[in-house]
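S.K.: Spelled out, the chains give:
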Amino acid sequence: DQQVKQNSPSLSVQEGRISILNCDYTNSMFDYFLWYKKYPAEGPTFLISISSIKDKNEDGRFTVFLNKSAKHLSLHIVPSQPGDSAVYFCAASLSGNTGKLIFGQGTTLQVKP
Amino acid sequence: IAGITQAPTSQILAAGRRMTLRCTQDMRHNAMYWYRQDLGLGLRLIHYSNTAGTTGKGEVPDGYSVSRANTDDFPLTLASAVPSQTSVYFCASSAWGGTGQPQHFGDGTRLSIL
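Protein chains in written order, with this note's numbering: chain L, 1380 to 1492; chain X, 49 to 162.
Treat the hints with caution; some may be incorrect.
What the hints assert, rightly or not - Calculated cross-link-like contacts (lysine-lysine; reagent style DSBU-like; alpha-carbon spacing at most 35 Å): (1) X:Lys105 with L:Lys1491; (2) L:Lys1433 with X:Lys105; (3) L:Lys1450 with L:Lys1416; (4) L:Lys1416 with X:Lys105; (5) L:Lys1447 with X:Lys105; (6) L:Lys1435 with X:Lys105; (7) L:Lys1384 with X:Lys105; (8) L:Lys1491 with L:Lys1447; (9) L:Lys1433 with L:Lys1417; (10) L:Lys1450 with X:Lys105.
What the hints assert, rightly or not - If you anchor each label on the Cβ, the simulated ranges turn out as follows: (11) X:Arg65 with L:His1451: 40 to 50 Å; (12) X:Asp74 with L:Lys1450: 35 to 45 Å; (13) X:Met75 with L:Leu1473: 17 to 27 Å; (14) L:Asp1410 with X:Leu89: 21 to 31 Å; (15) X:Gly111 with L:Gln1382: 34 to 44 Å; (16) L:Lys1491 with X:Asp110: 38 to 48 Å; (17) L:Ser1453 with X:Ala63: 35 to 45 Å; (18) X:Ala63 with L:Asn1446: 44 to 54 Å; (19) X:Ser113 with L:Pro1458: 45 to 55 Å; (20) L:Met1408 with X:Gln59: 35 to 45 Å; (21) L:Lys1450 with X:Pro109: 20 to 30 Å; (22) X:Arg76 with L:Thr1424: 12 to 22 Å; (23) L:Thr1424 with X:Arg70: 43 to 53 Å.
Unchecked claim - If you want the footprint, here are the derived chain X segments under chain L, 3+ residues with CB under 8 Å: (24) 88 to 99; (25) 122 to 130; (26) 136 to 144; (27) 150 to 158.
Since the hints were made in silico from the structure, they are not lab data.
C-beta atoms are modelled at their ideal positions from N, C-alpha and C, and glycine is treated no differently.
Please model the entire structure based on the sequences and the hints provided.
M.R.: Next up, the structure:
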């Protein structure tokens, strides 16, 4: 049973436009959500996170929105750049002190020049 | 450069053999993790350790064991490899094992079990 779902396996956008990556979750006990970016043959790298007590967090071109009632979050990248082409993973963390993350399946973003 | 080192980078292994994947970090992080990445399933947690001397089970621990003798090293052992353990394995660490802590990942070990 997938507790964190990224239903779009891939997304293609034009350079300079907005990229919107979506993530849904089922467990209302998640209290932190994180986005990771992964290039081929490399490990995931942390991008941005959001606490469940907030509805928005922004860092440069990256903004994450959280809708708790819908159990949905999204990552917006504006403007998109070709170097943003990668696999993006959404992850969720349960309250407590284990630090365990539950990942979605990932969405492959292609930004076309 | 500070970070996580995984070895080997890739390995082909016969079923039934024993294999240890190595992971070393030099960031003095307290918490470490092992994940496997499979197509269509994302990353799934195998085992974790919040501090040296302690370990815990993740989502998919069966067939794997770990040890945490010191802060820097967190080896993952497959006692008797099976083809379903063919995957890419990532080691990660975080400053401590609290919720929301960003984890730093190594570049992975690609393991094929024949």
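S.K.: Run every hint past the structure and note whether it holds.
M.R.: Status of each hint after checking the structure:
In summary, the hint linking Lys105 of chain X to Lys1491 of chain L is not supported, as the alpha carbons are separated by about 41 Å, beyond the 35 Å threshold. Our distance criterion of 35 Å between C-alpha atoms is met by Lys1433 of chain L and Lys105 of chain X, whose separation comes to about 30 Å. A hinted pair counts as satisfied when its Cα atoms are at most 35 Å apart, and Lys1450 of chain L with Lys1416 of chain L qualifies at roughly 21 Å. For the hint pairing Lys1416 of chain L with Lys105 of chain X, the CA-to-CA distance comes to about 25 Å; that is within 35 Å, so the pair holds.
Restraint check for Lys1447 of chain L and Lys105 of chain X: the C-alpha separation of about 28 Å stays at or below 35 Å, so the hint holds. With a C-alpha separation of about 32 Å, the suggested pairing of Lys1435 of chain L with Lys105 of chain X holds against the 35 Å cut-off. Between Lys1384 of chain L and Lys105 of chain X, the direct Cα distance comes to roughly 22 Å. Compliance with the 35 Å bound is thereby established for this hinted pair. About 32 Å separates the Cα atoms of Lys1491 of chain L and Lys1447 of chain L, which keeps this hinted pair within 35 Å; it holds.
In summary, the hint linking Lys1433 of chain L to Lys1417 of chain L is supported, as the alpha carbons are separated by about 25 Å, within the 35 Å threshold. Distance check on the hinted pair: Lys1450 of chain L and Lys105 of chain X sit about 26 Å apart at the alpha-carbon level, within 35 Å; holds. Between Arg65 of chain X and His1451 of chain L the C-beta distance comes to about 44 Å, which sits within the given range of 40 to 50 Å. The hint said 35 to 45 Å for the Cβ distance between Asp74 of chain X and Lys1450 of chain L, and at roughly 38 Å that hint holds.
Separated by about 24 Å at the C-beta atoms, Met75 of chain X and Leu1473 of chain L satisfy the suggested range of 17 to 27 Å. The beta-carbon spacing between Asp1410 of chain L and Leu89 of chain X, approximately 23 Å, falls within the hinted interval of 21 to 31 Å. Restraint check, Gly111 of chain X to Gln1382 of chain L: a C-beta distance of roughly 22 Å breaks the suggested window 34 to 44 Å. Range check, Lys1491 of chain L to Asp110 of chain X: about 42 Å between beta-carbon atoms, so the 38 to 48 Å window is met.
As the Cβ distance of Ser1453 of chain L to Ala63 of chain X is approximately 42 Å, the hint placing it in 35 to 45 Å holds. Between Ala63 of chain X and Asn1446 of chain L, the C-beta spacing of about 46 Å keeps the proposed range 44 to 54 Å intact. Checked against the hint of 45 to 55 Å, the C-beta distance between Ser113 of chain X and Pro1458 of chain L comes to roughly 47 Å, which is consistent with it. Separated by about 37 Å at the C-beta atoms, Met1408 of chain L and Gln59 of chain X satisfy the suggested range of 35 to 45 Å.
For the pair Lys1450 of chain L and Pro109 of chain X, the supplied restraint of 20 to 30 Å holds, since their beta-carbon distance comes to about 27 Å. Here the CB-CB span from Arg76 of chain X to Thr1424 of chain L is close to 20 Å, well matched to the stated 12 to 22 Å. Range check, Thr1424 of chain L to Arg70 of chain X: Cβ separation about 21 Å, and the 43 to 53 Å hint is violated. As drawn, the stretch 88 to 99 of chain X meets chain L at 8 residues by the rule of a beta-carbon pair under 8 Å; at three or more, the given contact holds.
Remark: the stretch 122 to 130 of chain X is not confirmed as covered by chain L, as 0 of its residues place a Cβ nearer than 8 Å to a Cβ of that chain, below the required three. Counting residues of the stretch 136 to 144 of chain X whose CB lies closer than 8 Å to any CB of chain L gives 4, which reaches the minimum of 3, so the coverage claim holds. With 7 residues having a Cβ less than 8 Å from any Cβ of chain L, the stretch 150 to 158 of chain X passes the three-residue criterion, so the hint holds.
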